[in-house]
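Sequences and hints are given; from them, build the entire structure.
For the record, the sequence lines run as chains A and B. Take the first sequence: its letter number 80 is residue 80 in our numbering, and every next letter is one higher. Take the second sequence: its letter number 247 is residue 247 in our numbering, and every next letter is one higher.
Just so you know, these hints were derived from the structure itself, not from any lab. As the structure is a computational prediction, the values presented were derived from the model and not from experiment. C-beta: ideal position from N, C-alpha, C; glycine also. Please note that the accuracy of each hint is not assured.
With the Cβ distance kept under 8 Å, some of the chain B side facing chain A (calculated, not the full set) [as the list claims (entries may be wrong)]:
{"#": "1", "residue": "104"}
{"#": "2", "residue": "107"}
{"#": "3", "residue": "108"}
{"#": "4", "residue": "112"}
{"#": "5", "residue": "120"}
{"#": "6", "residue": "130"}
{"#": "7", "residue": "131"}
{"#": "8", "residue": "132"}
{"#": "9", "residue": "134"}
{"#": "10", "residue": "136"}
{"#": "11", "residue": "183"}
Computed list of lysine-lysine pairs in DSS-like fashion (alpha-carbon distance at most 30 Å, straight line) [said to hold, decoys possible]:
{"#": "12", "chain 1": "A", "residue 1": "226", "chain 2": "B", "residue 2": "126"}
{"#": "13", "chain 1": "A", "residue 1": "334", "chain 2": "B", "residue 2": "126"}
{"#": "14", "chain 1": "A", "residue 1": "77", "chain 2": "A", "residue 2": "108"}
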Amino acid sequence: MGAAPQTSPDQRVAEFRDVFKRAEQEVSRVIVGHQEVIRKLLTALFCGGHILIEGVPGLGKTLMCKTAADTLGLSFKRIQFTPDLMPSDIIGTQVLTEHDGRREFQFKPGPIFAHMVLGDEVNRATPKTQSAVLEAMEERQVTVFGVTYKLDPPYIVLATQNPIELEGTYPLPEAQMDRFLFKVIMNPPRPEELREILNRTTGTEVRKPEPIFDPKLAPQAIESLKALVREVMVAEPLERYIIGIVSACTPNTPGAIPEVSQYLRFGPSPRGAQALMLCSKVNALLEGRVSVGYEDIDDAIVPCLRHRLLRNFQAEAENVTTESILEQVRKRLKRPRA
Amino acid sequence: MPNPVEILGRAARRIAQVAAARTFAYAILPAVVATALAFSLHPLAHLTWERWGYVLGGGAERTLFDGLLAVAGLMLAGGFTFAAAAYLRARDLVAVAERVDEAVGGRQQILTLATLADPSAPDSAKRRRSPLFPVLWNSAAAFLESFDPRRAFPLDLGRSITRSSVLASAIALGTILAAIGLIRTPTPLQAQASRLRELAAEIESTSSGPGDLAMAEMAREAADALEDPKLTPEEKKQRIEEVMRQMASHSEERQGGGKEKGKGAGGGSAQNGKGSGSGQGQSEGKSNGSGNGSAKNGEGKGASRNDKGRQGDDKRIELQNELSKAEAQIETEGASNQNPNSQPGGEKDRGEAPEGGKTPEEKAQGSQPSPRQPGSIPTQSAQGNRNVPQSGTGRQPGKDQGSNLGDTHLGEFPTPAQAQRYLKPGEKGGSLDIHDARYVMFRLPSATPVGSGGTTVIDPHRTKATTPYVNAPLKETSSDAPPDERQLVPPRYRDLIH
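Dropping the structure here:
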C-alpha cells in the first residue's frame, strides 16, 4: 500500500484509520497485551514525536519497537545505553579510509541513523551521551566535525527506562524528558497475557508481522499520513481548553488548581500543549473525525503531560503521583463555553 | 444534503426565541401579581375598612397603586430588555453550534464547523480551514440532516415562571407590609368621604336616570373635596355647600316633575312644597357661654311627599344627610385646627353650636318632609344655656345633625355639645327618625328652667303601687370625710356633672 496524495480527503482519512488499525493488529500479533502502549507508539510516530517507555526488563519493549518498524516498513536500530557509551557510538564518527591511494575521512553513521531507534535503558548512559541522542531527537540532524547530517524522516526515538536498579544511572533531566511526546508505562502482563506469551514464545510457531508498506515507499506514505494529522481542525474553544489544562498544571499561576500549587514545582512547557494538540488530532482521526473533540484531548492528557510535571518534596513524601494530579486537573477543569 | 450553516442559523433563531421567551417569562408573573395587587388594592382597602375599621388613605392607596403599577411596568420593561439582550446573545452562531453539538452528539464537529464557517467571523477564521474542511462539512450535514430545532429546543416556560414566583412572592409580601404600614385609623373626614363614595356607588347601582348619575358624581366630588389635603376647611366647606346647592337645584327639578305626577295620581293628597321656601338656622356660640339658635323654616311649607318609598329619593336624602354631616365635621375640624390645644369638644368652649336650620332639608325647602313645626324643638347652643330649651330652632329630632354625633367609628365617642335634643316638659314629640346613628346621646334637663313656661303636670294615669311599702332610709350621701382619691373631672364632663 502506498500513499496517494491525489486522493480525496475522505479517502485519506479512511486510509489513515486503516493503516493505523492494521499496524495495531500486526504488532498485536507478536506482542501480547500492551494495547495502549502500541497505540501510543504509533500515535507518536504519526505525530512526529518520540516516546519514552518505562518498564522493567523483559516486557517486550524491544520486540514491540522492532515489530512496529517491520510492520510499517521502516528501518530499525537498537542502542543499548551503558555508562561507557560515547556519543560517537550513537551518532557515528569519521573513519580514515583509503580510496585510490587517497586517504580521507569518511563519515560512518551511527545507529541513530534509522527511522526507528530504540534507546534501551537510556538512563544508564552519561548525560553527555544522552544529550547527543536528545539533540538528534529535537533537531532531526546530527553534526559531526562540522558537517551536518540530516536524519531521514520519519524519525522516531523510543527510549526505555528501567524504574528499578537506579544505582549508577543518570536519570534524564526534566529538560530532556520534555522532548518526549509521550511517556508510557509498561506494566507486567496479566496472568492470561502471560500464558499467551508463553504459548507464543516457547513453541515452534514464529509469528512475524505482515508489512503494511513497501519499505521503499513507507517513509513517504508515513509522512503523508503525518501531514494528514496536522490538517485536522481544532475549534477555538477546544484550543482554549488545551491552554486551560496546561495553565492548570502550572503551579502558582492564576489558572492552577490547588493540588498543582501544593505538589508541583514546575508545570508543562509549551511542548506539552503541542503534544496534547497533536495527540488529540490523531485520536480524532482514529474516530473518523477531522476535528478534535473534548474526549480526544482528555484521552491525551496523562501520557502527554505526566513526564512534564516536576513534583516537589511534599508530593514525593506523600507519594502523590503526577497521574493523580492530572486526573484532578481533568476533573476540575470546566470545558469552556463558546 | 442540507446546508449546516443554514440549519445552524435556524437553530440560532430558535434558541434566541426560546432564550428571549424564557427571560421574559421571569418578568411575567411578578408583573401580573403587581398589577393584580394594584387593582385589588381598592377593594382590599374597602374590605379592611368594612371589616376592621382601618383605612388605607386615598394618598397611600394611590401611592401603593402607582408603586405597584410602576413595579409591574419596570418588570415588564426589564424583562423586555433582558429578553432582547438574551435574544441577541443567543444568536451567536458558535455558541449555538456548541448547543447543537450537545444535542446531536457531534463531538464538537458542529462547533468546529461553525468556527470555520461562521459568516460573521473574520477572514482569519476562514483561512484556518484545512483541506479536510469538506469532510467536516459533510459530516456536520449528516448530523444535522434530521435535526429539528423546534424539537431539540422546546419552549418550556415552566421553570422560568416557577423561579420568578419567588420574586412575585416578594412583591406580594412587600405590598402587604407596605399596606400594613400605611393603614391608619380613619379621620372623621375620611370616614365621611368613604361613606359618601359608598352612597355614590349605591346611587349609581340603583340609578334611574342621568339625574342619579349626576348626583353620584356630586357625592364623589364632595368626597374628593373632603379628602383633599390641599384644601382648607373653608374651601372644603364651600365645596360641600356648592354640591349641596347643586343637589338642591337638582331636587327642585325633580320635584317639579313629581308634582305633576302627584296631582294626577294622588288627587292632591300630596302637598308638594313650592320649592321657594328658605330655611335658615343660626347658631351663635359666644365665649361667654350664651348662645341661641334659631331656625326659620320659611313658611314651614315643607313638602310632604307621597313617593317616599322610592329608593332613589331615599338615597338622595341619605346623601344630603351625609353631606350635612360632612359639613359639620369640617366645621369641627376647622375649629380644632384653629385651637389645636383644645381638647375634644373644645368647640363648646367657644360657645359654638351646630347651625340649626342649615340642614339640607331646610336649605332645600319643600324637598324634605318636615314633621316638626317650626320652633318646636329647642336646641342647646352654648354652655350657659345648654339646658334651656330654646324655641325657634330648626333642628329636627329625627335627624343626626352632628358630624360625629352618632356615627362614629372606633372609640370616637360623641361630644355632648351637639347632641342635646329634648322636649319641653309635657311636650309630646314626634317619633324619632334617626338614620345611621350608632350612638345617640340624650340628656334631660336637671331642672325646669326658670321662665321656660313649663308647668308641673300630674299624671292621673300613672302606675300606682298596690302593695303598701315603706321607703327605707337612705344612707347618708354626704360626708365630711375627704374622699379616698381625687380625680379631676374631664373637661368634657365638667358642665354635665355638678
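Here is how each hint holds up against the structure:
1. The restraint placing residue 104/B at the interface with chain A is violated, with a minimum CB-CB distance near 13 Å, outside the 8 Å limit.
2. The criterion of a C-beta within 8 Å of any C-beta in chain A is met by residue 107/B, whose closest approach is roughly 4 Å, and the hint holds.
3. Taken as an interface hint, residue 108/B checks out: its beta carbon lies about 4 Å from the nearest beta carbon of chain A, inside 8 Å.
4. Because the closest C-beta pair between residue 112/B and chain A is about 4 Å apart, less than 8 Å, the hint holds.
5. The restraint placing residue 120/B at the interface with chain A is violated, with a minimum CB-CB distance near 13 Å, outside the 8 Å limit.
6. Against a cut-off of 8 Å between C-beta atoms, the interface hint on residue 130/B holds, since the closest Cβ of chain A lies about 4 Å away.
7. About 6 Å separates the beta-carbon of residue 131/B from the nearest beta-carbon of chain A, less than 8 Å, and the hint is met.
8. Annotation: interface hint on residue 132/B holds; nearest CB of chain A at approximately 4 Å, less than 8 Å.
9. For the restraint placing residue 134/B at the interface with chain A, the shortest Cβ-Cβ distance is roughly 6 Å, inside the 8 Å limit, so the hint holds.
10. With its C-beta approaching chain A no nearer than about 5 Å, residue 136/B sits inside the 8 Å limit, and its interface hint holds.
11. Contact between residue 183/B and chain A, as hinted, is not supported at the beta carbon level, the nearest pair being about 51 Å apart and thus beyond 8 Å.
12. Pair hint residue 226/A plus residue 126/B holds up; C-alpha atoms about 23 Å apart against a cutoff of 30 Å.
13. Our distance criterion of 30 Å between C-alpha atoms is met by residue 334/A and residue 126/B, whose separation comes to about 27 Å.
14. Of the supplied pair hints, the one linking residue 77/A and residue 108/A holds, its CA atoms being roughly 15 Å apart against a limit of 30 Å.
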